[in-house]
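Now for the letters of each chain:
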Amino acid sequence: KQEVTQIPAALSVPEGENLVLNCSFTDSAIYNLQWFRQDPGKGLTSLLLIQSSQREQTSGRLNASLDKSSGRSTLYIAASQPGDSATYLCAVRADTGFQKLVFGTGTRLLVSP
Amino acid sequence: DGGITQSPKYLFRKEGQNVTLSCEQNLNHDAMYWYRQDPGQGLRLIYYSQIVNDFQKGDIAEGYSVSREKKESFPLTVTSAQKNPTAFYLCASRQGNVLTFGAGSRLTVL
Chain A
1 KQEVTQIPAA LSVPEGENLV LNCSFTDSAI YNLQWFRQDP GKGLTSLLLI QSSQREQTSG
61 RLNASLDKSS GRSTLYIAAS QPGDSATYLC AVRADTGFQK LVFGTGTRLL VSP
Chain B
114 DGGITQSPKY LFRKEGQNVT LSCEQNLNHD AMYWYRQDPG QGLRLIYYSQ IVNDFQKGDI
174 AEGYSVSREK KESFPLTVTS AQKNPTAFYL CASRQGNVLT FGAGSRLTVL
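Keeping their order, the protein sequence lines are chains A and B.
Residue 1 is where the first sequence starts when you use the working numbering, and the numbers rise one by one after that.
Residue 114 is where the second sequence starts when you use the working numbering, and the numbers rise one by one after that.
No lab work stands behind these hints: they were computed from the structure.
Just to be clear, a hint being listed does not mean it is correct.
[Stated by the list, open to error] Think about it this way: if two alpha-carbon atoms lie no more than 27 Å apart in a straight line, the pair counts; the simulated DSSO-like pairs of lysine-lysine are:
#1 A:K1 to A:K68
#2 B:K196 to A:K100
#3 B:K170 to B:K196
#4 A:K42 to B:K196
#5 B:K122 to B:K196
#6 B:K127 to B:K196
#7 B:K122 to B:K183
#8 B:K170 to B:K184
#9 B:K170 to B:K183
#10 B:K184 to A:K42
#11 A:K100 to B:K170
#12 A:K100 to A:K42
#13 B:K122 to A:K42
#14 A:K100 to A:K68
#15 A:K42 to B:K127
#16 A:K1 to B:K183
#17 B:K127 to B:K170
#18 A:K100 to A:K1
#19 A:K100 to B:K183
#20 A:K100 to B:K122
#21 B:K196 to A:K1
#22 B:K122 to B:K184
#23 B:K183 to A:K42
#24 B:K127 to B:K184
#25 A:K100 to B:K184
#26 A:K42 to B:K170
Here chain B stands alone, though its shape is the one from the complex:
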């Protein structure tokens, strides 16, 4: 079945460590997105990519980095510069008006 796979589902990080969240899609979608979700808040856009080897900052890009070397993959690195990284992270891809989300990754900073 086509879809988006995010891993890991749960991740714990010590302060000062970088961590990378994986997002893989087999939908052949061009555009991919990373959102952050905090309790009581809507989803906020971190980064997006409309095509391979191109990506743009969203509303809250500080402390995050991405790459888009392959159409299928859009990994997100949460760096030590992100001051409050504990959150639920959602990856999505889009073709036309169809937006498909992964199941999410929950990051907790210890």
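Just chain A, same shape as in the assembly:
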């Protein structure tokens, strides 16, 4: 059974810092991995999607990497801003059968001005 873990559970940084969020998964047979952002009391917004054949994806100040063989992904946020404060979740999709996503527990990020 696929399990997804995110470390750290919470992170507090001053504005302007570069930071890395980690996601690990137990079964490397994945189709893709997604990073989502969730603001308090709101739904999820997709940030980046990495296909299993890809090593990384970039969008603005965000860069996500994927090492399928070791079961790890990282989300790098450059020059963090207070508006980046949110919970970040990663989710993996299996490469067979129904397209179910297995979610991690999330990292709660606080960027202080």
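Given chain A, put chain B in place with the hints provided.
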């Protein structure tokens, strides 16, 4: 604008009552999902539907029921059989790799 609308945003239920959470999408997506989110836990799949008039149980379907009579609508009923229903419920729809979430409904059992 296209999107997913969940209602109500907040709902209070007495023990023993059934309640229904609404999920409507105008994205013309075929697949729809219901997830439950508890503090400190990831999202867990309750039910999903890949096409109208068809739906499947997810990982935690006990105490819940759904219907998919229209492509746009996928309501979730939380029945009295669900022993711990207080949670944040998220509806999503998907086309290809694009997964779109609603804003969620928070259910509290009094």
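Against the structure, the hints come out as follows:
1. A:K1 to A:K68: It holds: about 16 Å lies between the C-alpha atoms, which stays within 27 Å.
2. B:K196 to A:K100: holds, 25 Å
3. B:K170 to B:K196: holds, 17 Å
4. A:K42 to B:K196: holds, 24 Å
5. B:K122 to B:K196: Status holds; Cα separation ~21 Å.
6. B:K127 to B:K196: holds, 12 Å
7. B:K122 to B:K183: holds, 22 Å
8. B:K170 to B:K184: Holds - the C-alpha atoms of K184 of chain B and K170 of chain B are around 18 Å apart, at most 27 Å.
9. B:K170 to B:K183: holds, 18 Å
10. B:K184 to A:K42: holds, 24 Å
11. A:K100 to B:K170: Status holds; Cα separation ~12 Å.
12. A:K100 to A:K42: This hinted pair holds, its Cα atoms lying about 21 Å apart.
13. B:K122 to A:K42: Roughly 10 Å separates the two Cα atoms, so the pair holds.
14. A:K100 to A:K68: It holds: about 18 Å lies between the C-alpha atoms, which stays within 27 Å.
15. A:K42 to B:K127: With a Cα-Cα distance of about 24 Å, the restraint between K42 of chain A and K127 of chain B holds, given a limit of 27 Å.
16. A:K1 to B:K183: violated, 33 Å
17. B:K127 to B:K170: Distance of about 25 Å is within 27 Å: holds.
18. A:K100 to A:K1: holds, 12 Å
19. A:K100 to B:K183: holds, 22 Å
20. A:K100 to B:K122: holds, 25 Å
21. B:K196 to A:K1: Given pair K196 of chain B, K1 of chain A holds - Cα atoms ~25 Å apart, limit 27 Å.
22. B:K122 to B:K184: Satisfied, since the Cα-Cα distance of roughly 22 Å is no more than 27 Å.
23. B:K183 to A:K42: Holds, at roughly 25 Å.
24. B:K127 to B:K184: Violated: K127 of chain B and K184 of chain B sit about 31 Å apart, past 27 Å.
25. A:K100 to B:K184: With a Cα-Cα distance of about 19 Å, the restraint between K100 of chain A and K184 of chain B holds, given a limit of 27 Å.
26. A:K42 to B:K170: Within the cut-off at roughly 24 Å; holds.
Against the hints set out earlier in the document, violations occur for numbers 16 and 24.
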